[in-house]
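**Q** Sequence:
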Amino acid sequence: MSTDRTRRMGEFHDAQRHLAGLTARAERRALLFLAARTPGWVTSDHLTLLGLASMAACGALYAGSGRHPSLLLVAILALALNWLGDSLDGTLARHRRAERPRFGFYVDHLADAFGALFLLGGLGLSGLMSPLVAAGVLVAYFLLAIETYLATQAIGRFEISYGPFGGTELRILLVIANVVVLRDPTWTLGGAERLAFDVLGAGAACVLAVLAVVSGVRGMRALVRLEGWAPTASSRPPAP
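Here our numbering is used: the first residue of the sequence shown is 2, the next is one more, and so on.
Beta-carbon label-pair distances, calculated as ranges: (1) P70 / L227: 47 to 53 Å; (2) A37 / L227: 38 to 44 Å; (3) R98 / E194: 51 to 57 Å.
Derived by calculation from the structure, the hints in this document are not laboratory data.
Bear in mind that the values here come from a model prediction, so they are computed numbers and not experimental data.
Glycine residues also receive a C-beta, built at the ideal position from the N, C-alpha and C atoms.
All chains should be modelled from the sequences, with the hints used to inform the complete structure.
**A** Right under this line is the structure:
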């Protein structure tokens, strides 16, 4: 982008990134190690595409896992490739001093949205998770993502993790879930047979929804501290 066009769009201020997951410190070291050793012909755009393509592959593997349960293990490899592409692209750009903050933020999170759609769409088609539960998890994820992006713009704080859990921890939990479901795809709860992924998905949807609400309340409180409450009628200047 040219300097004149960048000036017309206004200066971009990168939001404060908040990442405090259980694996954050080890992950940061690993990503810096990999970025320093990535071949020159590999760009951050290639890694973003790898992350999206691997999530699409993961969705396809999930879709087929109802008939072929062993595909759940192959999906673990797709999740690992997604971590590599999705996590390393920004680190590589910063390591090479080739950041494009607007483009990177926009494309990376657009890819995350489509990746979630692919993954949960595949689970909903698999027969291992009910389509309604998959849709519920997707809606809850999108609600939290929307709140995160609004907070990034309005408050200047970009939440990458919530408490001890971020994207990497969620992938690890999904890997564990794959292994558990491969061994026992149905659980008996309340005297009824339930799909294991339905139980786990319902719990995940509830947690994501609660996080969206809590984060929204925190965001509004932060904005009130910055800008105050709306003025009362008595405090408004008289009409001319």
